Amino acid sequence: MNDRSVAQRPAGTGDPGARRGVPAARPDSEAPIPPTTEAEQNAPHVRPGDRIFRGLATGSGIFIVVLIGAIGLFLLLQAIPSLALDQVSFLTSREWSTGDVNNMRYGILDLLLVTVVSSAFALVIAMPIALGIALFLTQYAPRRLARPFAYVIDLLSAVPSIIYGLWGLLVLAPVLTPIGEWLTGALGFIPLFAEGNVSIELGGTIFTAGIVLAVMILPIITAVSREVFDRTPATHVEGAIALGATKWEVVRTTVLPFGKAGYVSASMLGLGRALGETIALMIILSATNAAFGWSLFDGGATFASKIALAAPEFNDPRSAGAYIAAGLVLFVLTFVVNAIARAIVAGHKEYE
Amino acid sequence: MKTKQHGAVVGLIAAGALLLTACGSDNNTGPGGSTSGATASGVAVECGGKTKLNAEGSSAQKNAIDTFIQAYKAKCSGADLAYNPSGSGAGVKNFNAGQVDFGGSDSALSKDKGEVEAAAKRCATNPAWHLPLVFGPVAIGYKLDGVKDLVLDGDVTAKIFNGTVKKWNDPAIKALNSGATLPDKDIKVVYRSDESGTTDNFQKYLKIASKGSWTQGDGKQFKGGVGEGKEKSAGVAQATGSVDGAITYVELSFAQDNQLSLAKIDAGQGPVELTNETVGKAIDGAKIKGEGNDLVLDLDSIYGTTAAGSYPLLLATYEIVCSKGYDADTAKAVKAFLTVAATDGQAGLADAGYAPLPKAFQDKLLTAIKAIA
Amino acid sequence: MTTETADLNRLATPPTFQSVSGARKFKNGLATALVYLAFAVAIVPLVWVLWTVVQRGLPVVLDADWWQKSLSGLLSRQQGGGVYHAIYGTLVQGLVCGLISVPIGLFVAIYLVEYGGRSRLSKATTFMVDILTGVPSIVAALFVYTLWITTFGLGRSGFAVSLALVLLMVPVIVRTTEEMLKIVPDELREASYALGIPKWKTIVKIVIPTALSGILTGVMLALARVMGETAPVLVLAAYAPFINYNLFDGPMASLPLLMATERNNPTQAGFDRIWGAAITLVLIITLFNLLATVISRWLAPKTK
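From first to last, the protein sequence lines are chains A, B and C. The first sequence begins at 1152 in my numbering and counts up one residue at a time. The second sequence begins at 544 in my numbering and counts up one residue at a time. The third sequence begins at 758 in my numbering and counts up one residue at a time.
These aren't lab readings, by the way, just hints derived from the structure by calculation. Bear in mind the structure is a predicted one, so any value in this text is a computation, not a measurement. One should not assume that every hint holds.
Just a sample of chain A residues kept apart from chain B, beta carbon distances all over 12 Å, derived [claimed, not checked]:
{"hint": "1", "residue": "1201"}
{"hint": "2", "residue": "1207"}
{"hint": "3", "residue": "1218"}
{"hint": "4", "residue": "1244"}
{"hint": "5", "residue": "1276"}
{"hint": "6", "residue": "1321"}
{"hint": "7", "residue": "1342"}
{"hint": "8", "residue": "1385"}
{"hint": "9", "residue": "1412"}
{"hint": "10", "residue": "1463"}
{"hint": "11", "residue": "1502"}
List of simulated lysine to any residue pairs, SDA-like, C-alpha gap at most 25 Å [claimed, not checked]:
{"hint": "12", "chain 1": "B", "residue 1": "656", "chain 2": "B", "residue 2": "830"}
{"hint": "13", "chain 1": "C", "residue 1": "880", "chain 2": "A", "residue 2": "1486"}
{"hint": "14", "chain 1": "C", "residue 1": "782", "chain 2": "A", "residue 2": "1486"}
{"hint": "15", "chain 1": "B", "residue 1": "691", "chain 2": "B", "residue 2": "571"}
We treat Cβ as the ideally placed atom computed from N, Cα and C, and that holds for glycine.
Model the full assembly from the supplied sequences, consistent with the hints where possible.
As structure tokens, then:
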């Protein structure tokens, strides 16, 4: 009964009005309604149309929940038999040899490190730029141009990733070669910029990959941050202005504190996207047999690119299972990152 | 204003619908050639039977099959074949499952995996035959400024690809290239990062030809432990061509397209260049392991050859067909296709980077094809 | 949303009497410069990528054959032919994915906004939609691979690709639809209930039509997104150089798959096909984006 009356009062519909600055006395205006609905509810006859429709809607909700469970479950079921055949430790080995099903030796250590390091590098580049763009679009750009400018940034996400990959390898990498050579020469004593296990001339490094990834995750970080910055309460801004704050001081004292959690959450979403990026990295990254040495100029493979490289030869379920196990780890990884992103904003009612 | 927008939407939808329905065409050639008749070399071809054959398998032979299909269409009007280059494993699997009319594979059916049995079941309890129709020479391509004439042997090649030999002026390389001035540069090995039959065959070659210095085994993943991997043949060749000091193994056509220098192989009788003749000689010298018309090759006899003037590093790929057990229509078309492939189809092969069949071997194949019932 | 902010901003900004210290001025100027620079930095790769695509691909797609023919029967080094087969595959895989995703996404959003309230299922669903948004396309592809190919034993096909794309499309549709449904004023629903109209009819006849323009825009944008996905086609479909009208059987090309396949063709013909397909894909995606704008403009008056 109780849940029915909640249902009759559409859940999210309260906020848009509030958001538009018309916080009308909503509870009052709704007050007369419950009695009628209550009466309707009490009637013994529930219309079949309602029941079916409600069932469909609820069913779809359940479907989504089940779906995520199914993804994890199916990947796990396919991975287990192959994991049992693994001759080395799945989590700590750097080997990857799945050709001979009687002697499969594979571990994800290097895949995990390369995935995380390339994504983290991309995030380090993208975060400040995205922050700048979001501030530009919400605070600095001329009102009339803000929308078209935002559209231009969104266009970045409309370019398919295979095109980014081709561009990254064939166009961007040659341009980055001298920069890479300079970095390894001048800053080579820092492990991160040490000469890596693949050739810089070929450009198949985490350095190139990370820059392309940064471009690819810019739009998502920007879009989410922008929305949050947009919701900075006008009263805060007005207060700061009234105190004689400069534009930057307004941003620093009102917009940034308000939007910080949203911005961090947006960055986590971007990280999640970068972790799972497949084709661009498959095209750009050079594979290597050497262990990952914590340099940006190393090559290697990420979970996703490793799986995509092997996909055409998925014939034996046992060796395919090894890649599915890697996919499962990637799924868990992105699950955790996205869950964190969500948890960060969960406590902030003002973003709604 | 509103009608205008309305019109735009209708227009877009109409354009989309038009694109989706009517105007697509698969026809890229002119009208097809004659009906049945003799091939250029005078072998009779009996066209007819199933109009669209299905085949699947090794991607290494895709371009050769494309050439064969063109010849087949030119010879037998109305006939066609769809080849799905999804990999040897898939080819064998789907052939055995009866999904395709023949399979293409880089390796012979394996008894241990039960493939031989499954194939016999698919062919109505008749054995399946291996027809080694497509031979792709694998080049050892490199890029090294000032060095155009490099000679390698199995042992040194193995040592380069497993990292024992690291510099271009290593004494081992010098010993084989007495006249050349070799620079003091690092050797940059480039390998295939995806799983491939080329890698498998290359490693098999190293295992046999190196006489012990290649201990890494074979398989579709490169096991040398050095260098950097690039995706597919094109990626490998392109990468090798863009860095001084790089070396790789790649199908001939890709090496040529990227202007790589090709190493000569010295198997004991002096350096042998990669040409149609030297590859043909290696094919001719191959021993057959299979019985009768089942032409399973003894790869050891190719890779381990010491015959003068034969280039041993090549990728042999089979068409896997039923000896009997096709329905009449399919049998007729399969025979027609294979006959054209082994005769007229050979003409375009060199351009596509494959080795045309030498005469004696061609005859062996034609005998087997004829015996399919 | 911030029009108010802007107006107020303008009124109060000119500092009439106080002087601003040099350090503050400098910081303000620096911040402004950095913010403008960030935007400029983002424009560079966009223009660069698009320029690369146009410069290399445009000459290829100006041939009428490009849009009408397939690559059937052509050798890898032979010029000519077209990508009709791949355009067909891309559109059909995308549209079938849309046909499956739209009802699911719509119902999930309706559940969340109209029925779910603050129940536990509703919270779980919202959470799972968020997670689904972040599922990498390769994981979606692997899931369909394990389900469709290893568990059910069915072959690789265009339809399997559509299924994987559904996983990527549903959360986008849920998100946009949810936003749109929330904006529909409660007064409309209340007026409808007051007339004794059942809830489901209210949703179908009042709420959805009101939000339709936004929903359709979201659908179009989601479609544009999934059509460029490469990972699922790589895992779940085999490439065919000929036209295959059958989504459920046999190898089927699509533009991303064609590009991935022709990557292994080092000849000029292969180069042309890759960049021609790239510009074709960008054009199709732009067309869908454009369609989204047109639809939202066309249907927008109804919401006012």
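To see whether the hints hold, each was checked on the structure:
no.	hint	in the structure
1	1201	holds, 34 Å
2	1207	holds, 28 Å
3	1218	holds, 29 Å
4	1244	holds, 15 Å
5	1276	holds, 24 Å
6	1321	violated, 9 Å
7	1342	holds, 20 Å
8	1385	holds, 34 Å
9	1412	holds, 40 Å
10	1463	violated, 5 Å
11	1502	holds, 35 Å
12	B:656 with B:830	holds, 24 Å
13	C:880 with A:1486	holds, 16 Å
14	C:782 with A:1486	violated, 44 Å
15	B:691 with B:571	violated, 40 Å
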